[in-house]
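So the protein lines, in turn, are chains A and B.
First residue of the first sequence: 1172, per the numbering used here; consecutive thereafter.
First residue of the second sequence: 1172, per the numbering used here; consecutive thereafter.
Treat the hints as calculated values from the structure; they're not laboratory data.
Any given hint could turn out to be false.
The list cannot tell twin chains apart, which means a pair is met if one copy fits it or any two copies do.
[What the hints assert, rightly or not] With a straight-line Cα cutoff of 30 Å, these simulated BS3-like cross-link-like pairs (lysine-lysine) come out:
#, residue 1, residue 2
1, Lys1660, Lys1642
2, Lys1683, Lys1804
3, Lys1683, Lys1644
4, Lys1212, Lys1503
5, Lys1212, Lys1642
6, Lys1660, Lys1446
7, Lys1446, Lys1644
8, Lys1683, Lys1212
9, Lys1804, Lys1660
10, Lys1660, Lys1212
Number of protein chains: 2
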Amino acid sequence: TTNIPKSRWMAVLVLSVGLTGGAISAGIDIAVTNLGTARSKLTALSSNDAGGFFIWGGFINVLSFIAVALTLLIAPAAAGSGIPGLKCVVNGVRLENFLSWRALFVKMFGLVFSLGSGLIVGKEGPFVHLCVILGNCFLQTRVFRPVRQSEFLINIALAAACASGVAAHFGAIAGGVLFSIEITTSYYPTRNYFYGFLGAISGAIVWRYLRNLYYYGTPGFAGLILTAYNSTNIRFGMIELFIFILLGIICGILGVTFITINYYGFQFLRWVRLKNRILGNPVFVCGVIAWATALATYPRFLGTWASLAPGNAASDLFNATPEWTSPGAPVKINAGDWLNRNIFLNLALYALTRLILIPLSILLTLPAGLFVPSLTLGGAVGRIVGEAAYRWANVSPALFEGYSIITPGIYAMAGAAATVGSITHTLSAAVIVFEITDNLTPIVPVMVTTIVAVGVSRLLSLFGTYEYSAKNKGLPFLPDLHRGAYRMKARDIMDTNVHCISRELREEDVTKLMELKDEEEFPVVNDYDAMLLVGTISATDLVDLHGRVKVKEGEKEKKEEEQPMRVKAKMRLKEIGHDSKKVERKNKMKGHKQAIEIRSTPVRFVENHPVSQVHMLFCVMRITHGYVTRNGKLIGVITRKKLRDAIYQADKKGTLIH
Amino acid sequence: TTNIPKSRWMAVLVLSVGLTGGAISAGIDIAVTNLGTARSKLTALSSNDAGGFFIWGGFINVLSFIAVALTLLIAPAAAGSGIPGLKCVVNGVRLENFLSWRALFVKMFGLVFSLGSGLIVGKEGPFVHLCVILGNCFLQTRVFRPVRQSEFLINIALAAACASGVAAHFGAIAGGVLFSIEITTSYYPTRNYFYGFLGAISGAIVWRYLRNLYYYGTPGFAGLILTAYNSTNIRFGMIELFIFILLGIICGILGVTFITINYYGFQFLRWVRLKNRILGNPVFVCGVIAWATALATYPRFLGTWASLAPGNAASDLFNATPEWTSPGAPVKINAGDWLNRNIFLNLALYALTRLILIPLSILLTLPAGLFVPSLTLGGAVGRIVGEAAYRWANVSPALFEGYSIITPGIYAMAGAAATVGSITHTLSAAVIVFEITDNLTPIVPVMVTTIVAVGVSRLLSLFGTYEYSAKNKGLPFLPDLHRGAYRMKARDIMDTNVHCISRELREEDVTKLMELKDEEEFPVVNDYDAMLLVGTISATDLVDLHGRVKVKEGEKEKKEEEQPMRVKAKMRLKEIGHDSKKVERKNKMKGHKQAIEIRSTPVRFVENHPVSQVHMLFCVMRITHGYVTRNGKLIGVITRKKLRDAIYQADKKGTLIH
């Protein structure tokens, strides 16, 4: 079997993740649907409104409690969406416990309970995380040893697993690949597209097939939401374009509001946790959100439309005719009471409850995503604009007549894509909306609305919600470069206080350096006068050099560092020097007293290197620090943290939150 | 105006390119349609079949001659698709005359004549080139000086112009962005997506709007090809999936055949040109292809279906019902005689003539692309499979019944996407087909067929057709890494014969180095024993050092190099050291006899660096060469050419053409 080229193994690996992921995704969906039916049936047992509410709310509480308990007890790393963590993993920073079997278990079963409970959370983030764990676990098996031997192939495999995850969740293919790129990487190797698409296609096919079998009773590959639009029955005109731009601005602001609630919600919860153990307890917080959710979704309170599962709500918003019936239409409406009281009031209430509950629910200590619920938030807002435009066109037909019929469902699709785009700072949200509905008819309005919304969101907030989450959690991710940061030079951000050692490695210098416990490696110069950078020496090698006693101290230190869930950044590049190091060790054991190995620094910066290039090298080379030289002379060091702080500093001007 | 942040100027620039590009694209389309009508009307003047043929063929000959003449006389750089050249430009290698106003002029008017003549060529490649020239020309204006000052922003702007070009040609948005990435870059900065989408949306909107006004007479944003499929009227089953996989294999082989004809066609033409001036003359070659095209497309010979413009042919193939009528269908059929004689024979003849003529036509010395014509080639082949499957389902209904009705038009769409994907090695061909038809209903079959075809094509041929073109033309592009190349280390490909100079810059060493006329810069070491790499010194600086007389010699050499159309690779990175160099020059003029500037090398390789990393650094840092060190000691050099050759060598095993 070792004769088979590695690229074939790659295809097998990627297909395995996609196919398994697709099946798990369909399984979770079916379990969640059944739990939802159970919730409705149990609630129907009580004809009393208050009694029904307590059953409804109790159900949400019990199931979300199970999800919280599973997460807390088995794998705290599985809480939340997982995408902030994936940002690190896909870029070569290893997080402890993040890709373990335990996390896989919690993501899978925790997700069933958190979604099945009735909390307004999504599956997308956790499910992508699940697929990446799946990919990582498959990689550890014997079959895929040929792949595991190459860091190059591992990276491709994990990126493809990411795409599989998005695709297996939505049944979206191009959108899956694009979204996984936009949320995880800063520099994407084009050659990865092939495996990304392979993973996405296999995931989407299995998910779509099983879903069609279960929900429609026939084999087939229809998507999440059926729509009956096509390019011969829907058209748009120029005037509508301006309404879509307006909708884009509204959705942009909506997205920033979402990001803000989520960001400050996290900080508020952390503050509460510090002040009061009981109020800040994850179980208590979950209870509060669960009862709030119960109030917002109880079918006998606001309306049955309030209790719809996100997918069904989105289907209604995208499909219903303006009069909210579909006479002879192929897609049936899930809630019959959207028009009770007032449609605008209902849609506004729907949007408002979602805008508050989604960004808070995803902060709970359980697996929770935001994508599909946020689609319904944006869908409701888009629908409001669409219904208003429809009425306007009825009043002033001259303005619209001749070439367009207002279709409020298209506005809902545009609003949905734009809002998610604005929340996540991704344009692929639009592509995913197309692929969820298998519908490209509204390509122009949806794309226009989305790019306006993303533009507005980028003006008002520095990052998307995933980056802010990563920042809140203190993850060692490197944000992308925007705004002013690219105007800086390496000299503006370097630390001139570098501790180096001369080539002779004199005992006193070694002792001095060993007092600096934080550093992983030290630069070596030819001598202290010329200061020509020769290479680097690792802290452990230095310890080796210093003697046995110190080694033990070093080990002790290391152990202290390895607390569970403590983030540990590891520079992958180091592994390159592995072979030669081994040889060196062997030589040592044979009794040769050899000079310690000095490793070359593959990347060194010049003082007027633009920060854009420094950032690029940090991203693609996955380094944790780099040295700055002038005519070969060592003059400074730039660390990942330093770079991150500089980006935050330079970019935050003019944004609402930073 | 200098207070306005650069990022806003970027948006203005990208929008300008998109909007202008969209308008030019629509203008070209309208001109070409009118020329096509003129050709038909002129031909109709002769009721005699032979007479009509000579008018038909004469028209093709005259117009294609004008296109060839324009190209030869004004801008030879505008010949062909331009995408191989863009591969270099977008990656920082400047090609002479490639982005000039003259090339813009020829691309615009030459394209009208080459498409209008009736040759079976497409608009996509040349039009993308046109948009990039447009972007470059806009950049040169005073308004965009703030953008021009940053290499970082220039790169984003050119990549966005590329996306605008694809989008303004097809009206495709996500497909435009994706395709432009797949054909030009190896490592894509995710942040460019925003401007890419902005350019694509603006280009697509203007093109779609103007086109709808002209062709449908109403304002609107419908795409190139109308289709009436949607997720409520089309379904597929499991059995069909296997037929689509089979179709994917067929299209993969079809694509490789196309690549092969194009590749060896180029080499044959070059051989003829060397042997015989008249036979190899571009005008003569164009005449031969023009008469062959006349034969293949003359409506009174094979059928009117043979004479359809590619867009109309694709519409028929994608839309017609199996009986090739569309009763009550919203999309009318353009040629009424597809069923004359035998539909399978007609489709096979259509495909065969296209398979031979397209790869040869795009070799002519005129602006010519391949995308839309190749869609019809694949569409015809897909349609054959679809019609066969339809008949099979009628014979064995038990196998298909219950869940699926065979729609041969969907097979045509799948075949079209798969064939173009196979020819270009891109998956975004599928996304473009969705966006051309505004139709995502067949997402699963089209995607499956495309990925199988691309997979087959990658197994059989090392590169897509654009890379082979670039290779044939000797362009200094760096191919992407596939197959075995990533298993090598830096030491396997480095050149150990490096000419270096010691820090003291002794006269005799300088004289010795100056005899090596090919090198642009030399590495500087601290001394010849330790050989520690300090930095580099440019060849011109060395000449400066050596004296005035030698300077003149250097200039003379440079002039000899600057022959028209001679490719000149320039390392952008060099410009970074610009400021400090100026200061140095000033000092010199003041009479200070200063030491010559030694520049730091930002990238240096270690001997067991994987080639994948070396390749990545060449791509993202846009370097032309890099030094290899061991413990700081210079031991070798890797040049772009060396790297390219190594990739060719390692990857070619097992492929048909290399």
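A quick look at each hint next to the structure:
1. Taking identical chains as interchangeable, the C-alpha atoms of Lys1660 and Lys1642 lie at most 30 Å apart only when both belong to the same chain, with a minimum of 24 Å there against 37 Å between chains.
2. Within a single copy, Lys1683 and Lys1804 get their C-alpha atoms as close as 21 Å, and across copies as close as 27 Å, so both meet the 30 Å cut-off.
3. In the homo-oligomer, the alpha carbons of Lys1683 and Lys1644 never lie at most 30 Å apart, since the shortest distance is 34 Å inside one protomer and 59 Å across protomers.
4. Only within a single protomer do Lys1212 and Lys1503 lie at most 30 Å apart by alpha-carbon distance; the minimum there is 22 Å, versus 51 Å between protomers.
5. Taking the shortest Cα distances, Lys1212 and Lys1642 never come within 30 Å of each other, neither inside one copy (42 Å) nor across copies (68 Å).
6. For the homomeric pair Lys1660 and Lys1446, neither the shortest alpha-carbon distance inside one copy (42 Å) nor that between copies (56 Å) is at most 30 Å.
7. Taking identical chains as interchangeable, the C-alpha atoms of Lys1446 and Lys1644 lie at most 30 Å apart only when both belong to the same chain, with a minimum of 19 Å there against 70 Å between chains.
8. Taking the shortest alpha-carbon separations for Lys1683 and Lys1212, neither the intra-copy value of 72 Å nor the inter-copy value of 91 Å comes in at or below 30 Å.
9. For the homomeric pair Lys1804 and Lys1660, the shortest alpha-carbon distances inside one copy (18 Å) and between copies (28 Å) are both at most 30 Å.
10. Taking the closest pair of Cα atoms, Lys1660 and Lys1212 never come within 30 Å of each other, the shortest separation being 64 Å inside a single copy and 64 Å across copies.
Checked against the numbered hints given earlier, the structure breaks hints 3, 5, 6, 8, 10 and satisfies all the rest.
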